[in-house]
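Visitor: Chain A is fixed; fit chain B onto it per the hints.
Residues per chain, in single letters:
There are 2 protein chains.
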Amino acid sequence: MYPNWLAQRVQMTPNRLALTFEGKSWTFKQLFDEVMNTAGTIKTAGLEHGARIAILAPSHPQLIITIHACWQLGCEVVLLNERLSDEELAYQIEDAQPTLVLVKENFQGRIGIYKKITLEDLSKMNSSTINIEEEWPLKRTMSIMYTSGTTGSPKGVRQTVLNHTTNATASAFNMGVQTDDVWLCTMPIFHISGLSILIRSVLYGMEVTLYSKFDVVRVVDDLVNGNVTRMSVVSVMLERILRELEERGENVSSRFLTMLVGGGPVPSHYLERAIARGIPILQTYGMTETASQTATLAPEDAARKLGSSGKPLYLSFIRIDKTNKPFEEGEICIRGGHVTPGYIGKYEQTTSQEKGWLYTGDIGYLDDEGYLFVVDRRSDLIISGGENIYPAEVENAILQHPMIREAGVCGVDDEQWGQVPIAFIVSDAEISLESLREFLQTKLAPYKLPRKLHHIKEMPRNASNKLLRRELREWVTSKSNE
Amino acid sequence: MYPNWLAQRVQMTPNRLALTFEGKSWTFKQLFDEVMNTAGTIKTAGLEHGARIAILAPSHPQLIITIHACWQLGCEVVLLNERLSDEELAYQIEDAQPTLVLVKENFQGRIGIYKKITLEDLSKMNSSTINIEEEWPLKRTMSIMYTSGTTGSPKGVRQTVLNHTTNATASAFNMGVQTDDVWLCTMPIFHISGLSILIRSVLYGMEVTLYSKFDVVRVVDDLVNGNVTRMSVVSVMLERILRELEERGENVSSRFLTMLVGGGPVPSHYLERAIARGIPILQTYGMTETASQTATLAPEDAARKLGSSGKPLYLSFIRIDKTNKPFEEGEICIRGGHVTPGYIGKYEQTTSQEKGWLYTGDIGYLDDEGYLFVVDRRSDLIISGGENIYPAEVENAILQHPMIREAGVCGVDDEQWGQVPIAFIVSDAEISLESLREFLQTKLAPYKLPRKLHHIKEMPRNASNKLLRRELREWVTSKSNE
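Here the protein sequences come in this chain order: A and B. The letter at position 199 of the first sequence is residue 199 when you use the UniProt record's numbering, and the numbering goes up by one with no holes. The letter at position 170 of the second sequence is residue 170 when you use the UniProt record's numbering, and the numbering goes up by one with no holes.
Extracted from the complex, chain A is given alone in its bound form (with noise of 0.2 Å):
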């Protein structure tokens, strides 16, 4: 058993700050009576103790009280990423099979046919009494993330009360935690990187700053001003950080602590310009599997472990499959009660693990001294912008297209958003890559569609037919350098 998450800290440091929001902030307590006001009227719309509640809303306090309230009523939450297209929720939807959605009024055009409330229907409602629960069972799931494995289609990963709270535990272990801490909280609440800054929040007592979307004015307004120690960002945000601190040419204020870098490696020469700018740089590896980080590397040893994602945090192990020698690799397998216990849904019988350890499909090796490098994303992952884009899931929207009979995804490098997608396609006609976007662009959100179309005879495989991802890119590498 684990202490009720906001109840507790509500218990504890009731007037501490807990959330700030264009200019409003909210201490525990106050979030705390919106979270049991809102609560109490999911209730009243009929939800009761262990549904499963989707729900579709943009970053805004509304949405945290509302991922609040459901844990305070005992439901489970499905987190439904606003980007998809509307076949892409729909099939989330479908497969979760979720007791309600609730959706922010400006987006129930989207969810179709499920049973749905609005946010704003939601607080015109009476409000129920709710029996609040001291604690909550370990295994109880309490959010549902939706990623794509090697198949291609999206696989809802549960993350209990064990897997946010060991990686908390871990995470505060590992870059430390200060009683005046504010998180400034840009990322998507949809994703496991914005959805355990709230997580950190309640278990440490810490105040977040949650901005609506990524606004890199304000954002560097904050960090030279000292308004936030940690940030998290993917590479792309970084890249536009520093060149706004270069612009104006500022530092952060020493007061800044750590900014946790995710979602793939980050590019050599950002490290040395964000060491200029006095930027704490924190890379990370981790998935929506280990509800967040799982390997980080510390800033002192980042120039000495260039490309490395850093050791395994105190309460996870890292293994690689089939050796225990240094440099050699082969697929990561993680272990650790921040792992998932599994799927819900389709897979829900389904399971990329062995004895406790998660085979994550990512080929890597530990250096002699334990350090993790990541080789290769999992199904050749293409993370662009923070973003995961499976090659898989994207093929197997292009095959529809009824002239298409091969196709293949890579990502290339790219300037901006660390990476972005292409296509190759074997096919009876010839097909632009504008007809083909327009085909692609109800089943995929718009940063999974392809950015060049390549036609060609045939798909590299090997002996057992299975495509050569990574022969793609390195033939599109050596055309980009000829």
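Note that these hints are calculated values from the structure, not bench results.
Because identical chains cannot be distinguished in the list, a pair is counted as satisfied if it fits within a single copy or across any two copies.
Here are the simulated EDC-like cross-link-like pairs (lysine to aspartate or glutamate), alpha carbons at most 16 Å apart as the crow flies: (1) Lys305 / Asp367; (2) Lys213 / Glu387; (3) Lys213 / Glu22; (4) Lys305 / Glu272; (5) Lys29 / Asp368; (6) Lys29 / Glu369; (7) Lys443 / Glu82; (8) Lys355 / Glu134; (9) Lys124 / Glu34; (10) Lys355 / Glu135.
Guide: Just chain B now, kept in the frame of chain A:
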């Protein structure tokens, strides 16, 4: 399961400082190497996984290494207090039935007939190879410490992996963790206040500066020069630190973050003097059965909540037995992962718990904001210089005197020690304080010996004949005010 504390730490930050003692320092890697070597010698001495090992040694790196070595071997340690009398030591060893006692050479005469090896002899043995356990079961007993209860007989309290890690985690959430923290340990390691520092050290990757004993001049040097960031003390030590600072006209470094004051309430004028010297005081309430802190009072509440022990830590619940009304006194009950599963030896089958709640024997109340006030310590506990003295234990020893028919012991205020024990007796003849102390000196540790002796005609007792020690105390207080 939980990661093997030291083995996991050395994987993460092998080169970070773990320990400093009299000018010599150990990194976690160096500490681990010495620990593994010592573990190997203990194995050579015939001890196996699961064995119970008692240790009697002064605060010194050798003791820390020996404790960790026992843990690496999968053994539980009984930590013996060097200040106890030979009879008290014999009782504890007899009760714990360790396979072996590891003893510092100059203490070996105190161990009597039990199977023992000196640390000096151990260091000459060859070291066997140890299989490192990657993880430990949460229920494994790591340490055993003796503490007396209402009965007056010392009980061996089990402290498990779960107990210690829950406590260290809750402490991190409460007071924070910094990657450059250094904790000054002048508390005995056989006390939970000292041992818990060692556990925080390996979990957080934090350096410990160890003193063999409290030395106010060196302590103040370290505080003023910014060599340390945290420290645990009892009131009597705090007072001496304050006096030294005042005499020097100095303040502690701004790098110093937390003075954790346990072992009884802190007089209010100490608090004011501490503020004047820049010392952030965190008053705490805890006990052997809760693996150290269970409630703490934050600096910002110290003035507003004078005399309070603060709020429960994040992973701890506190309630007052038989009431949920603010300000109503009753027995303090504690629940959480930090609460011992129970005792060993003679008291193995007994419990002071009900439905997960530990009945502390302490009397207190929660105010309308949930702050804990301890009104009366369990079984009229006397806290003298941070050491617990149980009146019943002293009374039992006194009653062995052939001329004494009844005995009552209580604590009175003492400028230096906080409290000291005094005795009341009903006897057949006049007995001098000196002869009583001489009679007791083989039976009790010196700090437990009564400082005063009063002959009375009968003991104050209630209707059910229970000794009313509170009345003894009141009688002394009223007399001294005359």
